[in-house]
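**Q** Here is how the chains run, residue by residue.
Protein chains: 2
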Amino acid sequence: MGKVTWKPGTMIYPLPAVMVSCGAGENEYNIITISWTGTICTDPPMCYISVRPERYSYNLIKNAGGYVINLTTSSLAGATDWCGVVSGKDHNKFREKGLTPVRATKVSAPMILESPVNIECAVRSITELGSHHMFISEVMAIHADEKYIEKETKAFRLDKTGIICYSHGKYFTAGEFIGKFGFSVKKK
Amino acid sequence: MGKVTWKPGTMIYPLPAVMVSCGAGENEYNIITISWTGTICTDPPMCYISVRPERYSYNLIKNAGGYVINLTTSSLAGATDWCGVVSGKDHNKFREKGLTPVRATKVSAPMILESPVNIECAVRSITELGSHHMFISEVMAIHADEKYIEKETKAFRLDKTGIICYSHGKYFTAGEFIGKFGFSVKKK
Chain A
267 MGKVTWKPGT
277 MIYPLPAVMV
287 SCGAGENEYN
297 IITISWTGTI
307 CTDPPMCYIS
317 VRPERYSYNL
327 IKNAGGYVIN
337 LTTSSLAGAT
347 DWCGVVSGKD
357 HNKFREKGLT
367 PVRATKVSAP
377 MILESPVNIE
387 CAVRSITELG
397 SHHMFISEVM
407 AIHADEKYIE
417 KETKAFRLDK
427 TGIICYSHGK
437 YFTAGEFIGK
447 FGFSVKKK
Chain B
267 MGKVTWKPGT
277 MIYPLPAVMV
287 SCGAGENEYN
297 IITISWTGTI
307 CTDPPMCYIS
317 VRPERYSYNL
327 IKNAGGYVIN
337 LTTSSLAGAT
347 DWCGVVSGKD
357 HNKFREKGLT
367 PVRATKVSAP
377 MILESPVNIE
387 CAVRSITELG
397 SHHMFISEVM
407 AIHADEKYIE
417 KETKAFRLDK
427 TGIICYSHGK
437 YFTAGEFIGK
447 FGFSVKKK
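So the protein lines, in turn, are chains A and B.
Just so we're on the same page, my numbering is the position in the first sequence counted from 1, plus 266.
Just so we're on the same page, my numbering is the position in the second sequence counted from 1, plus 266.
Watch out, some of these pointers could steer you wrong.
Below, in silico cross-link-like pairs of lysine-lysine (DSS-like), each with a Cα-Cα straight-line distance of 27 Å or less [claimed, not checked]:
| id | chain 1 | residue 1 | chain 2 | residue 2 |
| --- | --- | --- | --- | --- |
| 1 | A | 363 | B | 453 |
| 2 | A | 269 | B | 426 |
| 3 | B | 413 | A | 273 |
| 4 | B | 426 | A | 446 |
| 5 | A | 273 | B | 372 |
| 6 | A | 426 | A | 452 |
| 7 | B | 363 | A | 453 |
Treat the hints as calculated values from the structure; they're not laboratory data.
Just need the whole structure built from these sequences, with the hints factored in.
**A** Right, here's the structure in full:
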């Protein structure tokens, strides 16, 4: 069949590469970049992040019971990568990357002003899976940059933000538009 | 801050749009397209899919205790969208889309030959969240199309497969290469 078989691994891609902001007060504010994230339920809107317990942000998120998922773009790609590589033990990531913390409305963690979409999340449970613990969470509020809202249609154009994805160790822009959901059954 | 606040919703993007193949025997073989999927643990390699219990595939996956995640590409985009829109109650999706079921090695569900990467998954638990139930799963084996393995380096070039993503109701190719993980701290 022209295929090679590998031992089990993590091969679901492309994934988002989100900056998760956390901390209960300004002196704790930190950012960790995560691709082990996604939506797990539509109603109620729920999502998860999986984090290694040895990461500096792990206890910040666990103790505060909340965090913010900030979507990332081409112009944030350098900061996105860097916040996934260095530790908040050694760096003030907001200050060193010129990112602006903004108070959220439902959780104590800050939002990143420069991100086009901020998703406030409240932790509902933590599942210890192995290398990673999964924070199962409920979405509490969403904030979107109004400059991407079309005046006529009120549609939010996420595709105009320069949003990026992470695929098998590499970052990419979202590329060519293929079709809308349901395009395969649309009447011409 | 130039942001508008929305009520809670599902806004984590871009996500994969995978074809999940399921069924315990040829007469049951079906495909459901899912974006509520991702990696939840690196070691052991674990992932999830979230499925509405009223979907035809739900009981196929639950009863068999396994399924296959098949990554999707530009050339599979039409089939990917269609398999997310119509029901296996009314359609033989493999036959109608000319897709080839291939026996997997660890689960009873078939793999889709035309997909560049097949991920065999065994269900470990089901969490009932609301509209969707989350199948928490362990990756049992991976099969990759050998034509994307570079002869010299043995690297698997997922970025050469034409892999696609799903973002806020639209499908896109993975676009321009930005950098490898760690690029922000690499010595020049």
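**Q** What's the verdict on residue 273 of chain A and residue 372 of chain B, does the C-alpha distance respect the 27 Å limit or exceed it?
**A** Distance ~11 Å between residue 273 of chain A and residue 372 of chain B Cα, so the pair holds.
**Q** Take a quick look at whether residue 426 of chain B and residue 446 of chain A sit within 27 Å of each other, Cα to Cα.
**A** Status holds; Cα separation ~23 Å.
**Q** Tell me if the straight-line CA distance from residue 413 of chain B to residue 273 of chain A falls inside 27 Å.
**A** Judged against 27 Å, a Cα distance of about 18 Å means the pair holds.
**Q** Could you grab the alpha-carbon distance between residue 426 of chain A and residue 452 of chain A and see if it respects the 27 Å cut-off?
**A** holds (24 Å)
**Q** With a cut-off of 27 Å on the C-alpha distance, tell me whether residue 363 of chain B and residue 453 of chain A pass.
**A** holds (18 Å)
**Q** Holds or violated: residue 363 of chain A with residue 453 of chain B, Cα cutoff 27 Å?
**A** holds (18 Å)
**Q** Is residue 269 of chain A within 27 Å of residue 426 of chain B, Cα to Cα?
**A** holds (16 Å)
The structure meets every hint from the earlier list without exception.
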